[in-house]
Amino acid sequence: MEALEPVGAGVSQAFTVNAAGLVDFDSPGVRITFGAVNPQGEVVVTRLFNVDPYERPSEIINEIAPGVNDGRPKSIDYWIINNYGPNNGNLSPLTMQFEIDETLFSASTNPAAFTLYNRPSNFIGLWQDGRNGTARGGAIGERFIEFVGTQGFSQFVITVGGESPLPITLVSFTANRQDAQNVRLDWTTAAEIDNQGFEIEKSSDGLTFGSIGFVDGAGTTNLAQSYQFIDSQASGSAYYRLKQLDFAGTFSYSNVVFVRGEGEWGIYPNPATSWVKIQAEEDARNIAQLQLELADMHGQVLIRQRGNLNSLEAALNAWLPRLQAGVYICRLSNGGQMHTFKLVKGQ
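Sequential numbering from 1 applies to the sequence shown in this note's numbering.
Simulated from the structure, these hints should not be mistaken for lab results.
Keep in mind the model is a prediction, meaning the values are calculated, not measured.
Be aware that a few hints might be false.
Said to hold, decoys possible - Here are the simulated DSS-like cross-link-like pairs (lysine-lysine), alpha carbons at most 30 Å apart as the crow flies:
1. LYS342 x LYS243
2. LYS243 x LYS277
3. LYS277 x LYS342
Unchecked claim - Using C-beta positions, here's what the derived DEER-type ranges look like:
4. GLY152 x THR103: 25 to 35 Å
5. ILE230 x THR340: 48 to 58 Å
6. ASN176 x GLY89: 49 to 59 Å
Beta carbons are placed, not taken as given, at the ideal position from N, Cα and C, and that holds for glycine.
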């Protein structure tokens, strides 16, 4: 199955992938060779033209000072790839080819000079991976750069020249409730360049964040570093993220993690793109008749359904990929109680 539609200043194309082999997303200019463990469902590739991704780090746009470019060309496009199949964890290693603009392609004849970066979120977060190209070219007139070994999809951008421009390589970031009042944040980096440290930010709704602390970084190192922070005022549900700052004053954000409050209801991940889980008290899953409503910010009800938590999750997940990016109001009722929370649909 193929679907093709324009998306803002770009184009999006979808194929159902249920076997190993090459799939050519020709409109957004991406070729992906899938292995034995493949999505078994729809994969959507979006290419945005002549736009920077949200909070693109200054290192990625080749700035040596605010507003001062070092002269190296940068990608003027970026890509978002979504896997809507049931196999949405680690796939077999992928071979991915991206068709890039003439200026970037002409910057080097060495494929290893091109670097592919990604981040877990399709919207915000620290750029990671830094995978070098393995081949350059294609048929006459084609401008593809090939990258091998990626095992998942997200937001991608390509740069050329220089050594790794990322201030840190973030390996993991987790948040776990310790007791009724304390949440422990743990994160690990594989390498750091001029890393001043991490500002810990917290939010009650996943939209507005404020600083609750700071942890010093390791400066410049190729050794793995582990960090920890305890939020001792964490009785309620909360969202956390890291704001990584370097000594030049530039910064970038990690992915957002969520921790549920004691005995609270909620939805995670939030923001979400393709799936969610409903969080509730343990005995709530035994209630046969809950009611779910999902409405937009104008009050128009998009979903109204009764059932147990599992069936309501399934209904919500069937709708989620079709929703436009934005903020929605979700209501869950068990007859005597109403639980209301915001759901942010990411891009």
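Verification of the supplied hints:
{"no.": "1", "hint": "LYS342 x LYS243", "in the structure": "holds, 23 Å"}
{"no.": "2", "hint": "LYS243 x LYS277", "in the structure": "holds, 26 Å"}
{"no.": "3", "hint": "LYS277 x LYS342", "in the structure": "holds, 14 Å"}
{"no.": "4", "hint": "GLY152 x THR103: 25 to 35 Å", "in the structure": "holds, 29 Å"}
{"no.": "5", "hint": "ILE230 x THR340: 48 to 58 Å", "in the structure": "violated, 30 Å"}
{"no.": "6", "hint": "ASN176 x GLY89: 49 to 59 Å", "in the structure": "violated, 20 Å"}
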